[in-house]
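The lines below spell out each chain.
Protein chains: 2
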Amino acid sequence: MYLKDKYRIAVVAGDVIAEMDASRFRKLDVPTIPVNTGKECHLDAKLVEKALGEIDLDNTDLLIIENVGNLICPVDFKLGEHLRVVIVSVTEGDDIILKHPMIFKTSELAVINKVDIAHAVDVDSEKMRDDILSLNPEVPVILTSKHDWESLETWIGFIESGLEKRTK
Amino acid sequence: MYLKDKYRIAVVAGDVIAEMDASRFRKLDVPTIPVNTGKECHLDAKLVEKALGEIDLDNTDLLIIENVGNLICPVDFKLGEHLRVVIVSVTEGDDIILKHPMIFKTSELAVINKVDIAHAVDVDSEKMRDDILSLNPEVPVILTSKHDWESLETWIGFIESGLEKRTK
Chain A
658 MYLKDKYRIA
668 VVAGDVIAEM
678 DASRFRKLDV
688 PTIPVNTGKE
698 CHLDAKLVEK
708 ALGEIDLDNT
718 DLLIIENVGN
728 LICPVDFKLG
738 EHLRVVIVSV
748 TEGDDIILKH
758 PMIFKTSELA
768 VINKVDIAHA
778 VDVDSEKMRD
788 DILSLNPEVP
798 VILTSKHDWE
808 SLETWIGFIE
818 SGLEKRTK
Chain B
658 MYLKDKYRIA
668 VVAGDVIAEM
678 DASRFRKLDV
688 PTIPVNTGKE
698 CHLDAKLVEK
708 ALGEIDLDNT
718 DLLIIENVGN
728 LICPVDFKLG
738 EHLRVVIVSV
748 TEGDDIILKH
758 PMIFKTSELA
768 VINKVDIAHA
778 VDVDSEKMRD
788 DILSLNPEVP
798 VILTSKHDWE
808 SLETWIGFIE
818 SGLEKRTK
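Protein chains in written order, with my numbering: chain A, 658 to 825; chain B, 658 to 825.
No wet-lab data here; the hints were simulated from the structure. Take these hints with a grain of salt, some might be off.
Copies of the same chain look alike in the list, so a pair counts if it fits in one copy or across any two.
Said to hold, decoys possible - Calculated pairs, SDA-like style, for lysine to any residue (alpha carbon to alpha carbon, straight line, at most 25 Å): (1) K663 <-> E711; (2) K756 <-> V742; (3) K784 <-> R681; (4) K756 <-> V725; (5) K735 <-> C698; (6) K756 <-> P691.
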């Protein structure tokens with residue numbers, strides 16, 4: 658079951674320039690506001706606030722904010738989110754985590770994606786998990802692949818349980 | 658032939674934290690100064706100047722400065738380099754270029770790496786080349802793979818011809 662069949666989702670899609678990610682979300686029929694930061698390497702609360710003016714929040718169950726794709730700059734800027742999720746891919750190399758400790762220390766959920774091609778890029782996804790836990794022992798770590806629906810269900814389930822806690 | 662067998666190379670290796678890249682260079686017996694930026698997402702000229710104090714420049718033919726791995730922040734900061742090179746990998750996705758136009762517009766050489774696994778990550782490396790040329794029609798674009806020595810020789814040749822121009 659897709660999340661969007663059960664919840665009313667909206668997306669704020671941050672990028673330095675262009676609307677490639679935003680148009681991917683729109684293809685799924687999800688209301689999406691693209692936010693271009695120009696030269697800035699992160700979203701901030703003011704940019705998000707401005708985007709929220711274009712979203713019907715009273716009819717939104719789940720708001721996803723996709724920050725600029727960058728593991729450094731977003732660390733210091735809270736966006737008012739309930740859950741901070743960091744997603745890395747095995748294709749970024751298995752030293753990507755120890756090179757960017759702060760984002761993993763400040764996230765409440767970590768997703769390691771594209772684990773199906775870990776071998777092709779000569780990366781050990783278990784080392785990546787261990788590195789995250791060495792920085793943040795309490796954080797849940799989920800390994801996902803778009804070719805493994807079960808792994809995506811774990812990820813979806815995590816969001817769902819967060820939503821249910823909030824609406825009780 | 659390796660560059661280091663022909664030229665005296667030194668490296669300034671920038672990273673937010675840690676010395677993983679620096680220790681890779683050192684394994685090759687190349688004098689390397691690691692520079693940690695802390696929370697900053699780019700090197701600047703002052704950080705480079707400080708590192709240069711630890712390098713025997715009179716006995717260096719080629720100085721390589723590796724910036725923090727980030728396609729946004731380094732754009733605006735000249736480091737005194739003779740040649741600005743941007744390296745992306747196919748594993749970053751074939752929309753990575755149009756999402757980060759400024760770094761490709763301001764670089765004098767572009768390298769697309771890991772082209773041997775383009776198929777595994779469902780990426781068209783020729784599209785990536787076309788995207789770079791659409792932003793910067795004059796820039797040389799080299800496609801490389803560590804498994805294809807010939808492709809690396811093109812890259813090495815480019816550096817060599819630059820060095821020879823400068824020492825004439």
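Status of the hints after comparison with the structure:
1. K663 <-> E711: within (22 Å within a copy, 60 Å between copies)
2. K756 <-> V742: both (18 Å within a copy, 21 Å between copies)
3. K784 <-> R681: Between. Shortest inter-copy distance 18 Å satisfies the 25 Å Cα cut-off; intra-copy 31 Å does not.
4. K756 <-> V725: Both: 18 Å inside a copy, 10 Å across copies.
5. K735 <-> C698: So K735 and C698 pass the 25 Å test inside a copy (14 Å) and across (18 Å) alike.
6. K756 <-> P691: between (29 Å within a copy, 13 Å between copies)
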